[in-house]
Amino acid sequence: MCGICGIAHPHRDHKPDNDLLERMTQSLAHRGPDESGTVLTPHVSLGHRRLSVIDLATGQQPMEEPERNLLLSYNGEIYNFRDLRKELIAEGIPFRTDSDTEVLLLGFAHWGMARLLQKIVGMYAFALWDGREHRLYLVRDRLGVKPLYWCTDADGTLYFASELRALRLTPAVEDSLNDTAAFHYFNLGYVVGQEAIIQGVHQLAPGTCLTWQPGAPPRVEDYWNLAEVWTQRQEGTSRPEQEYYEEFSALLQQTIGERLLSEVPLGAFLSGGLDSSLICAGIRQQQTSLKTFSMGFEERSYSELPWATLVANDLGTDHQEAIVACEDPDLLLQVASHLDEPFADTSILPTWVLCREARTHLTVALSGDGGDELLAGYTTHAADKLHGVARHLPRPALTMANALIQGLPDSRAKVGTLFKLKQFLAGAHRDACDAHASWRMLQSRDNLRALILPEAWDDTFDAFAPFREVYDQVPHLNPLDRMLYVDYKTWLANDILVKVDRASMAHGLEVRSPFLDHRLVEFCAGMPPALKLRGFRGKHIMRKVAEGHVPDAVIRRKKAGFNSPVSHWIAGPWRDLVQDTLLGHDAPALLQKERTRALIDEHMAGKRDHGFRLFALLMFALWQTNGTAPRNSVAK
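When the letters of the sequence shown are read in order and numbered with my numbering, they come out as residues 5 to 640.
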């Protein structure tokens with residue numbers, strides 16, 4: 005993996021700002037610790053930080069093609085680059101290197117951008133400047149595995165980078181919060197959609213290409229539209245189940261095999277769940293040895309190490325385990341100081357440690373991310389079935405049941421039946437889309453409003469709007485696939501992939517996810533719903549394919565998740581940090597301090613479990629006070 009950045013100025017006589025470009029590039033050094041490079045031209049200047057994985061000797065960037073006046077800065081991996089290279093060579097295109105970077109550059113020169121993007125398979129974000137046409141392209145991979153942020157200033161200058169931190173060095177970005185993004189963060193624990201937490205900064209949407217030319221505003225267009233793909237796939241005829249099993253298995257093995265190409269040490273994450281276990285089993289079918297890495301907790305109800313050990317022994321891997329210990333807040337402070345935007349998925353902590361430990365042995369790791377979105381593996385998908393029945397019950401009955409359940413004392417053990425029941429009843433009276441989205445929310449709108457200062461609150465805020473927007477894009481899909489589509493466009497893109505990218509890139513580790521191959525996504529889009537969710541159990545086809553390759557106990561096991569025991573830590577070793585940060589003079593200006601104090605007091609006294617909500621407030625406050633974010637109130 006790598007970090008990219010750049011500046012595109014509309015005036016040719018403008019003198020490129022080498023100092024700014026160097027500072028932007030250096031701010032991304034953690035993403036690419038091996039090499040650094042910059043190239044300045046009258047219109048476009050590109051920066052690059054390299055993590056060397058393929059073609060270690062000659063893959064330096066930014067890469068130029070002088071004859072066509074092309075310049076490329078690229079982050080990612082093109083898994084089918086060798087096949088594309090052979091195709092280009094057969095058509096008379098000579099190569100200077102063995103890198104996938106040059107395949108992108110010469111593929112564009114030969115095929116053009118539209119054909120190139122249809123041909124490549126991989127995870128990527130890249131900037132390509134066509135000097136002949138005076139056109140800059142910014143491209144992000146189909147599912148959004150690799151990030152890319154951009155913004156413009158009043159003069160029409162375009163700035164872009166892999167992370168927000170680089171853009172905050174530019175004159176285009178002011179220190180003002182995006183109010184809507186901040187509210188969604190407090191409600192979800194992550195920033196949803198294409199707007200960043202800082203006003204005026206955008207995320208390039210997955211599967212899109214931004215085109216910029218001097219004197220014209222940026223134009224963003226889809227080159228892969230998941231809604232269209234899904235709708236078209238469902239129009240086909242179904243086949244015997246055995247054919248689906250065989251094709252899914254073969255395609256998964258292909259995607260795993262393509263991700264094993266590396267000139268540096270490679271291994272895999274192994275949680276003990278079905279997804280990572282099947283990936284590791286697939287790797288072992290294709291190579292004789294494998295290093296695996298797992299993470300656990302001292303709090304036994306949260307730790308999955310026994311399951312990981314079971315799988316590792318069964319597959320015969322060289323297995324390493326570590327414990328996430330939080331006797332003091334040092335780990336939390338380290339993570340918070342590095343995150344580009346506030347982020348409160350509690351699994352960021354074990355993911356961070358997992359990547360740190362793996363990097364001592366590896367440069368590349370395969371993971372099982374994406375399996376739940378692919379084949380309906382979350383509890384929410386089973387709950388959606390129950391919702392279809394519950395929403396027809398009398399509203400007063402649902403309200404009474406919700407009040408009774410919400411009043412029961414919380415447990416600080418790992419997410420269990422009571423927590424799930426509370427989440428289910430909180431959205432049971434809503435329509436299908438809002439009920440599904442409510443599972444992701446940390447609090448009700450009323451609770452959020454009570455937390456925000458009246459002068460900062462926006463009464464038009466709609467917590468469900470980002471979910472409804474994407475839900476309405478696929479009106480013709482069956483109910484299950486419609487919700488899976490929502491998960492791809494929200495939870496996966498804005499939470500899961502952000503978490504893995506930031507945690508891995510902080511340590512210069514490349515993570516590859518076979519389940520996120522777009523060909524596998526397209527295949528599963530056309531699969532009958534019963535092969536994904538059968539009864540109330542998800543990933544039916546994956547369980548069938550895993551038979552004989554993964555221990556039966558893992559195949560039968562329920563979804564466990566990857567949460568951290570933050571409720572314990574907030575009331576224990578983080579206690580002073582929480583109170584000092586959220587109630588001190590550096591507390592977030594938009595929060596009502598007395599309401600925050602009430603949440604803390606209830607949690608510390610054991611009256612209620614506000615762990616997830618307090619963790620979100622804490623991560624936001626730490627993001628502000630560690631110097632990576634503005635301290636002013638929400639922009640109006």
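A portion of the hints provided could be inaccurate.
The list that follows gives simulated cross-link-like pairs (lysine-lysine, PhoX-like), each with its CA atoms no further than 20 Å apart [stated by the list, open to error]:
1) K424 x K562
2) K563 x K424
3) K563 x K548
4) K503 x K548
5) K611 x K424
6) K123 x K90
7) K389 x K426
8) K389 x K597
9) K426 x K295
10) K548 x K562
11) K562 x K389
12) K611 x K426
Have a look at the derived ranges for each label pair, beta carbon to beta carbon [unchecked claim]:
13) L390 x R449: 53 to 59 Å
14) S266 x R449: 43 to 49 Å
15) D463 x P37: 15 to 21 Å
16) L337 x R449: 42 to 48 Å
17) K563 x I93: 44 to 50 Å
18) R27 x E267: 37 to 43 Å
19) A469 x E598: 24 to 30 Å
20) D463 x D23: 50 to 56 Å
21) Q198 x H15: 26 to 32 Å
22) R136 x R27: 28 to 34 Å
Worth flagging that the hints you see were computed from the coordinates, not collected in a lab.
Source: prediction; values computed, not measured.
In this text, a Cβ means the ideal position worked out from N, Cα and C, and glycines have one as well.
Going down the list of hints, with the structure as the test:
1. Restraint check: the Cα-Cα separation between K424 and K562 comes to about 14 Å, which is no more than 20 Å; the hinted pair holds.
2. A C-alpha spacing of about 13 Å is found between K563 and K424, which places the hinted pair at or below 20 Å, so the restraint holds.
3. For the hint pairing K563 with K548, the CA-to-CA distance comes to about 16 Å; that is within 20 Å, so the pair holds.
4. With a CA separation close to 29 Å, the supplied pair K503 and K548 exceeds the 20 Å bound.
5. Between K611 and K424 the CA atoms are separated by roughly 19 Å; this keeps the pair inside 20 Å, and the hint holds.
6. In summary, the hint linking K123 to K90 is supported, as the alpha carbons are separated by about 13 Å, within the 20 Å threshold.
7. Between K389 and K426, the direct Cα distance comes to roughly 16 Å. Compliance with the 20 Å bound is thereby established for this hinted pair.
8. At roughly 40 Å between alpha-carbon atoms, K389 and K597 are farther apart than 20 Å, so this suggested pair is violated.
9. With a C-alpha separation of about 40 Å, the suggested pairing of K426 with K295 is violated against the 20 Å cut-off.
10. For the suggested pair K548 and K562, the alpha carbons sit about 15 Å apart, so the restraint of at most 20 Å is met.
11. Between K562 and K389, the direct Cα distance comes to roughly 17 Å. Compliance with the 20 Å bound is thereby established for this hinted pair.
12. For the proposed pair K611 and K426, the alpha carbon gap of about 16 Å is at most 20 Å, so the pair holds.
13. The hinted window of 53 to 59 Å between L390 and R449 is violated, with their beta carbons roughly 23 Å apart.
14. Between S266 and R449 the C-beta distance comes to about 47 Å, which sits within the given range of 43 to 49 Å.
15. A hinted range of 15 to 21 Å for the beta carbons of D463 and P37 is inconsistent with their spacing of about 47 Å.
16. One distance hint, 42 to 48 Å for the beta-carbon pair L337 and R449, is violated here, with the actual separation near 31 Å.
17. Checking the proposed 44 to 50 Å range against K563 and I93 shows it holds: the Cβ atoms sit about 46 Å from each other.
18. For the pair R27 and E267, the beta carbons lie near 31 Å from each other, so the given range of 37 to 43 Å is not met.
19. With their beta carbons about 29 Å apart, A469 and E598 fall inside the hinted range of 24 to 30 Å.
20. Separation of D463 from D23 is about 44 Å and departs from the stated range, judged on CB atoms against 50 to 56 Å.
21. Take Q198 and H15: their Cβ atoms lie about 28 Å apart, and the range 26 to 32 Å holds.
22. Distance hint check for R136 and R27: the Cβ-Cβ separation is about 30 Å, which falls inside the suggested range of 28 to 34 Å.
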